[in-house]
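J.: All chains should be built: construct the whole structure from the sequences, respecting the hints.
There are 6 protein chains.
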Amino acid sequence: MGAVSTFGEILLRLSTESSKLFAQSERLELHYGGSEANVAVSLAKMGVNARMISKLPDNELTEHALATFKQHGVDTRFVYKGSGRFGLYFLEQGSALRGSKVIYDRAESSFAKLDPKEFNWSEALGGSEWLHISGISPAVSQNAADVCLEVIKIARSFNMTISMDLNYRKNLWRYGKKPADIMPGLVRYVDVLLGDPATANLMLGTKVPVKEYYGSADDLKESYDALKHDYSNLKYMGMTLREVKSANHNIVGGAIYHDGKMYGAKPVEVTPIIERIGGGDAFMAGMIYGLINKKDLDYTVNFATMASVLKMTVAGDFSLFTKEDIESYMGGKNLGKIQR
Amino acid sequence: MGAVSTFGEILLRLSTESSKLFAQSERLELHYGGSEANVAVSLAKMGVNARMISKLPDNELTEHALATFKQHGVDTRFVYKGSGRFGLYFLEQGSALRGSKVIYDRAESSFAKLDPKEFNWSEALGGSEWLHISGISPAVSQNAADVCLEVIKIARSFNMTISMDLNYRKNLWRYGKKPADIMPGLVRYVDVLLGDPATANLMLGTKVPVKEYYGSADDLKESYDALKHDYSNLKYMGMTLREVKSANHNIVGGAIYHDGKMYGAKPVEVTPIIERIGGGDAFMAGMIYGLINKKDLDYTVNFATMASVLKMTVAGDFSLFTKEDIESYMGGKNLGKIQR
Amino acid sequence: MGAVSTFGEILLRLSTESSKLFAQSERLELHYGGSEANVAVSLAKMGVNARMISKLPDNELTEHALATFKQHGVDTRFVYKGSGRFGLYFLEQGSALRGSKVIYDRAESSFAKLDPKEFNWSEALGGSEWLHISGISPAVSQNAADVCLEVIKIARSFNMTISMDLNYRKNLWRYGKKPADIMPGLVRYVDVLLGDPATANLMLGTKVPVKEYYGSADDLKESYDALKHDYSNLKYMGMTLREVKSANHNIVGGAIYHDGKMYGAKPVEVTPIIERIGGGDAFMAGMIYGLINKKDLDYTVNFATMASVLKMTVAGDFSLFTKEDIESYMGGKNLGKIQR
Amino acid sequence: MGAVSTFGEILLRLSTESSKLFAQSERLELHYGGSEANVAVSLAKMGVNARMISKLPDNELTEHALATFKQHGVDTRFVYKGSGRFGLYFLEQGSALRGSKVIYDRAESSFAKLDPKEFNWSEALGGSEWLHISGISPAVSQNAADVCLEVIKIARSFNMTISMDLNYRKNLWRYGKKPADIMPGLVRYVDVLLGDPATANLMLGTKVPVKEYYGSADDLKESYDALKHDYSNLKYMGMTLREVKSANHNIVGGAIYHDGKMYGAKPVEVTPIIERIGGGDAFMAGMIYGLINKKDLDYTVNFATMASVLKMTVAGDFSLFTKEDIESYMGGKNLGKIQR
Amino acid sequence: MGAVSTFGEILLRLSTESSKLFAQSERLELHYGGSEANVAVSLAKMGVNARMISKLPDNELTEHALATFKQHGVDTRFVYKGSGRFGLYFLEQGSALRGSKVIYDRAESSFAKLDPKEFNWSEALGGSEWLHISGISPAVSQNAADVCLEVIKIARSFNMTISMDLNYRKNLWRYGKKPADIMPGLVRYVDVLLGDPATANLMLGTKVPVKEYYGSADDLKESYDALKHDYSNLKYMGMTLREVKSANHNIVGGAIYHDGKMYGAKPVEVTPIIERIGGGDAFMAGMIYGLINKKDLDYTVNFATMASVLKMTVAGDFSLFTKEDIESYMGGKNLGKIQR
Amino acid sequence: MGAVSTFGEILLRLSTESSKLFAQSERLELHYGGSEANVAVSLAKMGVNARMISKLPDNELTEHALATFKQHGVDTRFVYKGSGRFGLYFLEQGSALRGSKVIYDRAESSFAKLDPKEFNWSEALGGSEWLHISGISPAVSQNAADVCLEVIKIARSFNMTISMDLNYRKNLWRYGKKPADIMPGLVRYVDVLLGDPATANLMLGTKVPVKEYYGSADDLKESYDALKHDYSNLKYMGMTLREVKSANHNIVGGAIYHDGKMYGAKPVEVTPIIERIGGGDAFMAGMIYGLINKKDLDYTVNFATMASVLKMTVAGDFSLFTKEDIESYMGGKNLGKIQR
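Protein chains in written order, with the numbering used here: chain A, 1222 to 1561; chain B, 1222 to 1561; chain C, 1222 to 1561; chain D, 1222 to 1561; chain E, 1222 to 1561; chain F, 1222 to 1561.
It is worth saying that the hints were derived from the structure and are not from the lab. Source: prediction; values computed, not measured. Virtual Cβ for every residue (Gly too), placed ideally from N, Cα, C. Be aware that one or more of the hints could be misleading.
No more than 25 Å apart at the CA atoms, straight line, and that leaves these computed lysine-lysine pairs for PhoX-like [to be verified]:
(1) C:K1432 with C:K1482
(2) C:K1432 with A:K1558
(3) D:K1398 with B:K1334
Selected chain A positions facing chain F (Cβ under 10 Å, derived; list incomplete) [as the list claims (entries may be wrong)]:
(4) E1284
(5) A1288
(6) T1289
(7) F1290
(8) Q1292
(9) H1293
(10) G1294
(11) T1543
(12) K1544
T.: This is the structure:
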């Protein structure tokens, strides 16, 4: 099986300890992440040959970041080093009704300043059968948006499958373009899309039906049918079904759409949530895992959902669970029990 | 707008880490607090000019305490330094069904040994339009009770508004007087009172109706009407509505009484509670904030309740939230969501 | 009143911090435990003269372990020192739906290599009126199983009361014998048995009725009647009633059977669970406490259940609560309230 | 061999982490200590039957303190519980040229309020052959000074050996008496005295010769001869020889005087010092160990000095080293080497 | 006495724990600093009315930074908030022979993007008699260099005393100018200069004599005479005398030049150094303290040197010592002794 | 250039925090190490293609260990998984004159139970030009000794260079053989030997001259000449020159012997030592680095010594320094300086 390549920015995350405010913090926890990087780690832990394509500055933080990804088995040979800063964000961890807060600090990062010409794409994509990107990269800068379009076209020319997580971030998109100026041109090339209907409308300019709340996969069929109508290239669509009770308590299920049919995983209670961030990326990874391994879609949606649920029980952005770990909890087995 | 002055003892709190017992503790967390000091910090963070009047020993712990209050913007010029100990308490943090435990160690503190003559009250209260005290100070010693009466009378003579939080502490009141010997003489001067009906009866000797449980503001009207009948000087009364599910899980609402009418905030679930202490003080601060800024009472009770709810999501005694922070969660918005 | 002697292996537990995975751990928390040792500590804290009989290697970890037990008042004079390793296990702490994981590392331990001849039993048991063992010791090695039988017979000859916690551990029993080869021979001597019907069937080869779920003590009567029919020597039987909502949330009650009658404690919610391990041992200790002090069985089952519930609110394997601590929460009083 | 009883106040110490200032501290480390208690722990670890006689308040901190002492094998049966506070002190840890700072908070402690009548001395001292006290107790309050005289007289009547560490503390002695008013009356009964000549003059009103610096035991002979002349009851005298290079670097030796002769241990460099406090108490314990076990004085002074040196390599007030540990370093062996 | 205003960038410092490498770090310690800010804090702790003039982005980190400075008594009213990033740097703490490493991340900071027109200088400088700046600000960007020149000229027009710390940073000065293009124009206005001869030559283009090593103040006279010859406006010059034995061990003295005469403080050993950063700023603050309080220069150089030495014994960038703290160690008193 | 393969046991190390005793430890730090594994990590960080050949049990700790090695770039494909325990050791960190203590717990480990037949050596060694082993493996068990001989012979048949670190461990060698029974048969095949003369005599049964202390490389010539005489196959010999001042303070140099000539690195002071363990392995790695890259021996001995010195400035067993890091300190440059 060929590799899955992900392309996107690697971020340094500096987060407050457990439920502390910035105002109370004497130290910050250091994690490396980024939506696409998280997908790569999750895939590697699931046993998939996963590769990251990105750019970072040439300093000790980059060495630390790469060591972190290598530790989890990700292929980092195509993370190029050059000028610019290490993009970072500060995270204040929420608690109960108080939500988490993000302060982005990504200006002038090595990734934001990418030049479409500087990558050797046939080398970087060589041996891959899948490319994964997200809607965060084109939100960072015009350069990054241009590179996204380029990599997607090249991947298409290599007959690779292309997945995208829409991932709308309202605090980005500051360089003069709106999502709907950019995203439709990218999504035209996509085979597998992660995103809810409201985000799709916002980023693609579509007008598919939107509901307040999706209690089960079937609630999404109408919307995904409409999206499929507009973007007939989309072979698979999906999303996590998430009801936010509080920062520490979500009810989490999942849905996949294919060929006019919905496949769903029954929502389960997740409380306490140790770390919310990365839950969607773990679902994305689970979905890629199922599709690339040609699992049936019932298995795939349950696998992806349980990957997402398990992710929320550990700190950091990554789902560190193997295929066996995830399967051991599917179907409601072993939940919360001591294994001894 | 004039300053709000608070008068009361500043305490050093030494608490066990998260859910540890004293029996398991190799270190203790150090916080400074005290009901009135907590109100001052909360007010300062809300943007009110807040001042503390108190007395502490002349040592490095006092310097540390004052730096802590200055950090949050409280005016500490009238915290006098002199003889005596730094009053302190040890706190064992509860968990689930196991409640927290307090060991008071306030004997011979600088505050307990206060001499009513030693303060220059016109200087200390100068520029203030509001005085806040609580029922804890008169519980500490006869000296402290005497000074409370003096400061209240002087504040009255300056036409200041006077608020009091009844705050019954069964482990204090050890110097030979009962609450009902002292408190009625003080409450006669009070404009704004925080306290539930049972506590009012216990501390004031009144016999207003008491219910087992107050699910909404309206459940309190009869009791507050009766209290208003006995103490016609009380312009506003209020309390948090708290159902204790466990040490980590409360359901919290709020109520304000004015002019024979009740104003309420709908109870919300707070779990996990990071720190229960200071929740009432944050409500008191929110109530003062609303009244001094002439907000309507619907806003005020919701603002005070959300201040109290947010307080419980952070460690330490203080509500560190700005007006904007609190308002951003009022009306059920944004609860538990990541802001990014 | 005579002492309660417990016989079993003392383990070094190395556990991940709060909800961390092994894969995320840079340090491990060090606790000493073991089912029988936990019972001894719980009893000592309840005010019972408690003694441990065991064997450990002659090194600094053993000195540390013994200091830990002495700290809580356990008599450690009969923990013999000799050859072999310190038996240990690694514990990955679960969270939400993710269960805890145990990696046992007990091969070649001083206890597993015990020689039945090496203990001076009349000295070790002298002054005891009660012997407590568990089904874990005979699971470790043939030697350990042999010593269990020997100590039980000697205790019987001394007219001591004998209690046993069945405690099935599927990852042990590796030396060629099955539970049903060994346990019936031991349980024949037992007066007080802790265990659920399914475990009894598995370990004793009985076929008593088994239910999916025991919501109250009465649900157990039929099964315990049947067990009593097979093992008429069993004077008291009991178990905790536990519904596992998640790794952090159980609903916990308790049941005792005697003379054809059930005595029950109403299940209560325990969330968050700080540490699940040791909950059963605390119940066992509470049951021994009640029986040895000739308390009535209603008191005993409620005392044992509350001991178990409180245990789950603290880290480590031990219930560190005194009789007064436990009684202060019985009957639903004070749950989750601050005592100040 | 009979027990060694120590009489003195048990203190709760709250110290800053490593080199932090009070002004930088968010938490404090919790230790229990007190000069006489430290001697008891050191003796117990050396294998001597050691007992503490003292008084503490009846609360959870006392239970924690007693558990700590029991852990190290000290007999705590005669630590009486009653009214008053737990005496405590705050310690700011020094570093390099910056010295440590102590804030005493011992007013109104259970020990300071001792009544000479409240102890049953024949019970408390029963089975002891040695009593150890220090010059700190009579510095605390008149009551404490009175009890010191009483216990010393009773011990003398029981033919017990009496040791005293002069231990001058300039921040105590606040109740109206000077050391020279009290100490001579106590030292008249003492057999074994720890203290340097300058302290002796200050506390006893003697005028023995004082040197700036004692590089070896012999430098002390003239002073101790003179002290022996004034207090002919003193059979043994001794002190640590300490040159303070910085808070983290001392050069430490030791000296014992007996029968007109000096016995010395060669000074060694101790850097980094992990904890300076308790170094003198470890020497005292080592000296008692040697004398009670009838070791020769060359061994004794070297054993006591090495106990003191090892003490400084660990956190907390106690020397946690066994006889074998200490002996393994005597004579310059193994210093700083890995044992593997 | 008028205030001392400092102008410069406030930085967020993210440093590894004690001696950890970036490659080993799971968390970073958070401090706020910056050479001029450090001087302001040191002065405030010494009792001088100190003010910071700067610019930061409008976010929660800025609120945290300002609270930190307010805590220590610094006037933060003239720290303007606006666009741009929070300038930051990453610090890997060295140990023994391994030096510390700094990764600057100051591009596009609010300060670097300063517009000379945006400050209201008469308001910001109002009530000040002294302005302090450093050679770091003009190294950041042309804008910052321009603002430095403007503020210096305005301060001169207000007859304020002007001090500058040359502070060469080889990793800055990246915007196309060399120090010698900019610094002479600024230093022309300076009264009090901190810097060694080699740095002066490098930044000012002078050719004053340079020695390998300055063991005492007198070794500097020739160089400072020459510098005074070129810049006759310099009334006082000074520097710390530092011999670097290792990252944890320096020998530190100090020197001041005035009117052709040298004043020196004898070097002392500082080991272990808890934190090297901020040592020069503490000296600068001590020098300003002495001059503004019209102390003689022998006192001043000894005060400044001891401030610098004490700084190195605490974590973080700030000297948190009062005038009394510093004086208590001057003249070699109390070094390393416990104060109890 | 071909890979360097190391063969040896991978150990889990559980060590006390900084200077804590086992008796004081509530948690232990977790590191993975082992002499040969440490060499592999050091080489990988230096840029050499480094591979580990070993065996571990099939559990989560093994996954964690492998992730740790992958993070640093070591090839772990030939760490086989199977039955047995994870070999471990407990480390009590020494301080000042108190040495560190090791408790080995390696009985029944997967490595100790190795069967010489179970490895596919041509696969495992394929592509390697160098094999590194140490004298620890043959000390563990007869099986391990047998496998060592086998791998050495196969490596020889592949014309690989063979290096060995003698590494005597007195607490191992428990299976009935003495070093001199086994080691000569192995060393006969060795090209590059690390070890001091006394250890050589002890392990090889030679009688080469031994000195008390080696202050410079030349002091070793006579001994190494004699060893070369007995083992003419030894092309290079070497050792660190270490004077142990205390657990935290060593003076460290290095020596290499080749062709009858000595090459030395001047000893430097290393204080404080953050972690002593791994210092010799870093030297070994540096020596291999120099030889495999055909550096001259002056460079090589200085590179190896500086690698060893830098290793001691960081926690854990590994030298995490790149070639550039190490070279930047060679020749006495930059020692202890801040790089900013």
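J.: Indicate, hint by hint, whether the structure satisfies it.
T.: Okay, the hints, checked on the actual structure:
At most 25 Å may separate the alpha-carbon atoms for a hinted pair to count; K1432 (chain C) and K1482 (chain C) meet this at roughly 18 Å. A hinted pair counts as satisfied when its Cα atoms are at most 25 Å apart, and K1432 (chain C) with K1558 (chain A) qualifies at roughly 18 Å. Only pairs whose Cα atoms come within 25 Å are accepted, and K1398 (chain D) paired with K1334 (chain B) is accepted, the gap being roughly 24 Å. Hint status for E1284 (chain A) relative to chain F: holds, with the closest Cβ pair at about 8 Å, below 10 Å.
Of the supplied interface hints, the one on A1288 (chain A) holds, with its beta-carbon coming within about 5 Å of a beta-carbon of chain F, less than 10 Å. The interface hint given for T1289 (chain A) holds, since its Cβ lies 7 Å from the closest Cβ of chain F, which is under the 10 Å cut-off. Among the interface hints, the one on F1290 (chain A) holds; its C-beta lies about 9 Å from the nearest C-beta in chain F, closer than the 10 Å criterion. Annotation: interface hint on Q1292 (chain A) holds; nearest CB of chain F at approximately 4 Å, less than 10 Å.
Interface hint status for H1293 (chain A): upheld, as the beta-carbon distance to the closest one in chain F is roughly 7 Å, under 10 Å. Of the supplied interface hints, the one on G1294 (chain A) holds, with its beta-carbon coming within about 7 Å of a beta-carbon of chain F, less than 10 Å. The interface hint given for T1543 (chain A) holds, since its Cβ lies 8 Å from the closest Cβ of chain F, which is under the 10 Å cut-off. For K1544 (chain A), the interface hint is violated, the least distance from its beta-carbon to any beta-carbon of chain F being 13 Å, above 10 Å.
Checked against the numbered hints above, the structure violates only hint 12.
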